[in-house]
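Undergrad: Residues per chain are reported as follows:
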Amino acid sequence: MSYCLYCHQSYSETWSWAALFGLNAEPLLCQSCTSSLELIMGDICRICGRPFSLFPEQYRHGDSCYDCIRWEEDEEWAGVLQQNRSLYVYNDFLKEVIANIKYRGDAELMKAFYPIIHKTCKPMIRDSILIPVPLSDERHYERGFNQAELLARGINRNLNFSLKRNIHEEKQSKKNRKDRVKNKSNPFDIINSEEIIDKRITLIDDIYTTGSTLRYAAKVLLDAGAKQVSSITLGR
Amino acid sequence: MRFVSYSLNNRLIVAPETLVENPDLKPVPFGELPEIKPQPLKSLFEYSEKLQQILYGKMLLLDELPFLLENIQKHFENGFVMYNPGVKKTKYGWQCNRCGNENNHLFASFSCFRCKSESCVYCRNCIMMGRVSVCTPLLSWTGPEVEHKLNHKLTWQGELSAGQQIASDRFVEQVGKCGELLVWAVCGAGKTEVLFHGIEKALKMGFRVCIATPRTDVVLELVPRLKKAFPDTSIASYYGGSEERGAPAQLVISTTHQLYRFKQAFNLLIVDEVDAFPYSYDKTLQHAASTAAHPDALHLYLSATPSRKMKKEVIQNRLPCVKIPIRFHGFPLPGPKLIWSGEWKKRLERGKLPPAFLRWIKSQAVCGRRAMIFVPSVSSIEKITELIRRHVEVIVDFVHAEDPLRKDKVERFRQEEIQLLVTTTILERGVTVPFLDVVIFGADHEVFSESALVQMAGRAGRSKDDHNGHVLFFHYGKSLSMLSAIKHIREMNKEAGF
Numbered sequence: 001m002s003y004c005l006y007c008h009q010s011y012s013e014t015w016s017w018a019a020l021f022g023l024n025a026e027p028l029l030c031q032s033c034t035s036s037l038e039l040i041m042g043d044i045c046r047i048c049g050r051p052f053s054l055f056p057e058q059y060r061h062g063d064s065c066y067d068c069i070r071w072e073e074d075e076e077w078a079g080v081l082q083q084n085r086s087l088y089v090y091n092d093f094l095k096e097v098i099a100n101i102k103y104r105g106d107a108e109l110m111k112a113f114y115p116i117i118h119k120t121c122k123p124m125i126r127d128s129i130l131i132p133v134p135l136s137d138e139r140h141y142e143r144g145f146n147q148a149e150l151l152a153r154g155i156n157r158n159l160n161f162s163l164k165r166n167i168h169e170e171k172q173s174k175k176n177r178k179d180r181v182k183n184k185s186n187p188f189d190i191i192n193s194e195e196i197i198d199k200r201i202t203l204i205d206d207i208y209t210t211g212s213t214l215r216y217a218a219k220v221l222l223d224a225g226a227k228q229v230s231s232i233t234l235g236r
Numbered sequence: 237m238r239f240v241s242y243s244l245n246n247r248l249i250v251a252p253e254t255l256v257e258n259p260d261l262k263p264v265p266f267g268e269l270p271e272i273k274p275q276p277l278k279s280l281f282e283y284s285e286k287l288q289q290i291l292y293g294k295m296l297l298l299d300e301l302p303f304l305l306e307n308i309q310k311h312f313e314n315g316f317v318m319y320n321p322g323v324k325k326t327k328y329g330w331q332c333n334r335c336g337n338e339n340n341h342l343f344a345s346f347s348c349f350r351c352k353s354e355s356c357v358y359c360r361n362c363i364m365m366g367r368v369s370v371c372t373p374l375l376s377w378t379g380p381e382v383e384h385k386l387n388h389k390l391t392w393q394g395e396l397s398a399g400q401q402i403a404s405d406r407f408v409e410q411v412g413k414c415g416e417l418l419v420w421a422v423c424g425a426g427k428t429e430v431l432f433h434g435i436e437k438a439l440k441m442g443f444r445v446c447i448a449t450p451r452t453d454v455v456l457e458l459v460p461r462l463k464k465a466f467p468d469t470s471i472a473s474y475y476g477g478s479e480e481r482g483a484p485a486q487l488v489i490s491t492t493h494q495l496y497r498f499k500q501a502f503n504l505l506i507v508d509e510v511d512a513f514p515y516s517y518d519k520t521l522q523h524a525a526s527t528a529a530h531p532d533a534l535h536l537y538l539s540a541t542p543s544r545k546m547k548k549e550v551i552q553n554r555l556p557c558v559k560i561p562i563r564f565h566g567f568p569l570p571g572p573k574l575i576w577s578g579e580w581k582k583r584l585e586r587g588k589l590p591p592a593f594l595r596w597i598k599s600q601a602v603c604g605r606r607a608m609i610f611v612p613s614v615s616s617i618e619k620i621t622e623l624i625r626r627h628v629e630v631i632v633d634f635v636h637a638e639d640p641l642r643k644d645k646v647e648r649f650r651q652e653e654i655q656l657l658v659t660t661t662i663l664e665r666g667v668t669v670p671f672l673d674v675v676i677f678g679a680d681h682e683v684f685s686e687s688a689l690v691q692m693a694g695r696a697g698r699s700k701d702d703h704n705g706h707v708l709f710f711h712y713g714k715s716l717s718m719l720s721a722i723k724h725i726r727e728m729n730k731e732a733g734f
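Protein sequences appear in the order of chains V and S.
Quick note on the numbering used here: the first sequence kicks off at 1 and runs consecutively.
Quick note on the numbering used here: the second sequence kicks off at 237 and runs consecutively.
Rather than coming from a laboratory, the hints here were simulated on the basis of the structure.
Hints are supplied without guarantee of correctness; some may be wrong.
[What the hints assert, rightly or not] The calculated lysine-lysine pairs, modelled on DSS-like cross-linking and capped at a C-alpha distance of 25 angstroms, are:
#, chain 1, residue 1, chain 2, residue 2
1, S, K352, V, K164
2, V, K111, S, K325
3, S, K723, S, K548
4, V, K95, S, K643
Hey, can you work out the whole structure from these sequences and the hints?
TA: This is the structure:
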C-alpha cells in the first residue's frame with residue numbers, strides 16, 4: 001500500500017502480472033488523481049504541441065494553430081522555437097498541482113511526473129543538451145527551488161546551466177499575451193556560450209502558456225550560436 | 237536559509253548570513269546551528285508594537301512578517317524574538333515544530349536554494365501555510381505580553397431556553413479555571429447563544445479567546461454574529477485566504493487548520509463540532525489545538541454527537557459535561573421512521589428505484605414540501621437524481637463536495653427553487669432550512685455512522701412552526717449504526733422529559 005503524493009489517500013495498485021513481478025514503475029498518484037490528468041493525444045499543432053481537439057476549428061490553419069502562425073509571421077520570431085511538446089493538458093487539476101508546487105512550495109509533488117516524463121521524453125532528447133528555464137535569483141530564493149529544474153531532473157540528471165535570467169520581472173501569470181509579447185527587453189542571458197555553440201538544445205519548463213518565455217530563451221541561445229532549440233513542458 | 241554563529245560576551249549569537257560581513261564566519265543551514273538560547277531581555281530596547289501585535293502568541297515564518305530582516309534580528313539580539321527550529325530530527329525520523337507532524341511519509345526533501353543543502357527536509361502536512369523546512373526558522377515573541385483591554389460590552393439581549401441557561405451558567409462558572417468542558421447539545425439547541433455570556437466574562441478578565449471550527453462556512457457565519465454581539469471587541473477571522481490575519485484581536489474565530497499558526501495564545505479555546513471531520517480524524521489538528529492554547533487554559537468542546545471516546549470519558553467522570561437535550565423551540569427531536577426497501581443496491585444497478593421509495597417520492601412531490609435525500613456515495617448521486625426526475629415533475633437537483641455550484645444550489649434550495657435535493661453527507665451539518673423532511677436512501681450503508689445519521693436526522697424540524705419534520709430511513713436490513721442513532725435520539729428526548 002502506498003500514499004498518493006497529491007491527495008495523501010492510501011491506495012493499492014491495480015492487480016496485474018507486471019505489477020506482481022515488479023515490472024511496472026510504481027505509480028505515485030492514486031487512480032482518481034491519475035484520471036484527473038489529461039494526456040495530450042491525437043492531432044496536435046506541429047509547432048507548439050497544442051491538441052487540436054481542445055479549441056475551435058477556425059483557429060486551426062493546416063497543421064498549426066493560429067497563435068503559432070502569428071509567431072511565425074513575425075520576422076523577429078520566425079523559426080526561433082523549433083517545436084514544443086507537452087505532456088498534459090493544462091486543465092484545472094494540473095493547474096492546482098502546479099500551483100501547489102510553485103506557490104506552496106511542495107517540491108516533492110514534481111516526482112509524480114518522473115516516471116512518465118522519463119519514459120516519453122527520453123527518445124525526444126537524444127543528442128541534445130537539456131537546459132531548464134531558469135528563474136531570477138530573487139525568485140529562486142523566494143521559492144527555494146526552480147520547478148523547471150526539478151522537472152528536468154526527472155528526464156536526465158545531466159543538465160546544463162548556461163542560461164541565466166537577469167531581470168526580476170512581474171510574475172508572468174498575472175499578465176496577458178499582449179503584455180507578455182510587448183515586454184521587449186529579453187530577461188535571459190548566456191553565461192557560457194562555448195558549451196552551446198552548434199548544439200541542439202531542449203529547453204524544459206513547467207507550462208507553455210503563450211510561448212513567449214520559451215521563445216525569449218530560445219532567441220538568446222540561437223544568438224549565442226546554438227544550432228536549434230526545441231522545448232518540453234509538463235502542461236499546455 | 238543560512239545563518240552564522242559567533243560568541244559575544246560568552247553568549248552564542250546567531251544571525252542570518254546576509255546581515256554579517258565577516259568572511260571568517262562560515263554560514264551553515266539554520267538546522268545545523270548549535271542550540272539557540274533566547275537572549276536576555278533588554279527592557280530599554282524600543283521594540284516595534286506592530287511586530288508584537290502580529291507575533292505574540294504565534295509561530296510564524298519570516299515570509300509571513302512584513303518587517304525587514306535587520307529589524308527582526310535586532311529584536312532577537314535584544315531578547316524580544318526567538319528563532320525556533322522548523323523541522324527537527326527525532327529518534328525515529330522528523331518532527332514538524334509547527335503542526336506536530338511526525339509521520340515519515342509526510343516529509344520530503346529537495347535541493348534548497350536558500351540553504352544550499354542538497355536535501356533540505358520539509359513538512360508536507362502543513363505545506364498549505366507556507367513551507368517549513370530544516371533550514372526555516374519559526375519566529376516567536378519573547379518580549380512583553382500584549383495587554384488586552386478589560387471593558388467589553390455584550391449587546392446581545394436574546395433570551396436563553398432553560399436548557400441553554402443551564403449550559404451557559406456552567407460555562408460562565410468555569411471561565412477563569414483551567415480544564416475542559418463538553419457542551420453536548422442536540423442539533424438545533426442553539427449552541428452559539430450558549431457561548432455569549434462565558435465569552436463576555438473571559439474578555440472582561442483580559443483573556444484572549446478563540447472559537448475554532450472545522451469549516452470555513454461556519455467561520456464566515458459566526459463572525460458577523462459575534463461582531464454584532466461584541467461591538468467594542470477586536471475580532472479577527474482566520475481561514476485560508478482571510479485578510480484579517482495580521483490584525484491584533486482579542487477574540488479570534490478560526491478554522492481548526494489555522495490553529496497551526498498559534499502557540500500558547502489563548503486562555504479560552506472553544507472547539508466547535510469536535511467530532512467532525514477533519515478535526516476528529518487528524519491528530520495534528522488536535523495537537524494544534526492543544527499547543528494553540530495556554531497551558532492553563534479552559535477548553536470548551538461543542539458537539540451534538542460526541543465520539544465514543546468522549547462519551548466514555550464523560551461516563552468515567554474524566555470529562556466534565558453539560559447536556560442540552562432539548563431544542564431551542566422546546567419540541568422533541570423527530571424520531572426516524574424505518575422503511576424496508578429491499579435490495580436497493582441491486583435495483584439501482586438495474587436502473588430502478590425501490591417501490592417504497594418511489595411511493596414516498598411521489599407523495600412528497602404532491603405535498604410540495606422540501607426534502608433532503610442523502611445517498612451513500614458520490615458515484616450514485618447523478619443516477620439517483622436522474623431516476624427521481626423520471627417519476628416526478630418537481631425540480632430535483634444534486635450537490636456534492638466538489639460541486640462548483642455547491643453554494644448556489646444550497647441557496648436555491650433555501651429559496652425553495654429546488655424542492656428535492658439529493659446530497660452526500662457533506663450537508664449533514666450546518667445547513668438549517670425550515671419546513672424540511674429528511675430521507676436517507678440506503679441508511680444501512682457503512683458510510684452512515686451513528687453520528688452522521690443523528691446529524692442528518694437533526695436537519696428536520698428545526699423551526700418552531702414545523703417542529704415535526706419527517707425523518708425516513710430507507711434500508712435493506714437495520715445496521716448497528718441505525719439502531720444506535722435511533723437510541724441516541726430516543727434517549728435525548730427522554731432526558732428532555734418527553
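Undergrad: Are the hints correct? Go through all of them and say.
TA: Going down the list of hints, with the structure as the test:
no.	hint	verdict
1	K352(S) with K164(V)	holds (18 angstroms)
2	K111(V) with K325(S)	holds (24 angstroms)
3	K723(S) with K548(S)	holds (17 angstroms)
4	K95(V) with K643(S)	holds (23 angstroms)
The structure meets every hint from the earlier list without exception.
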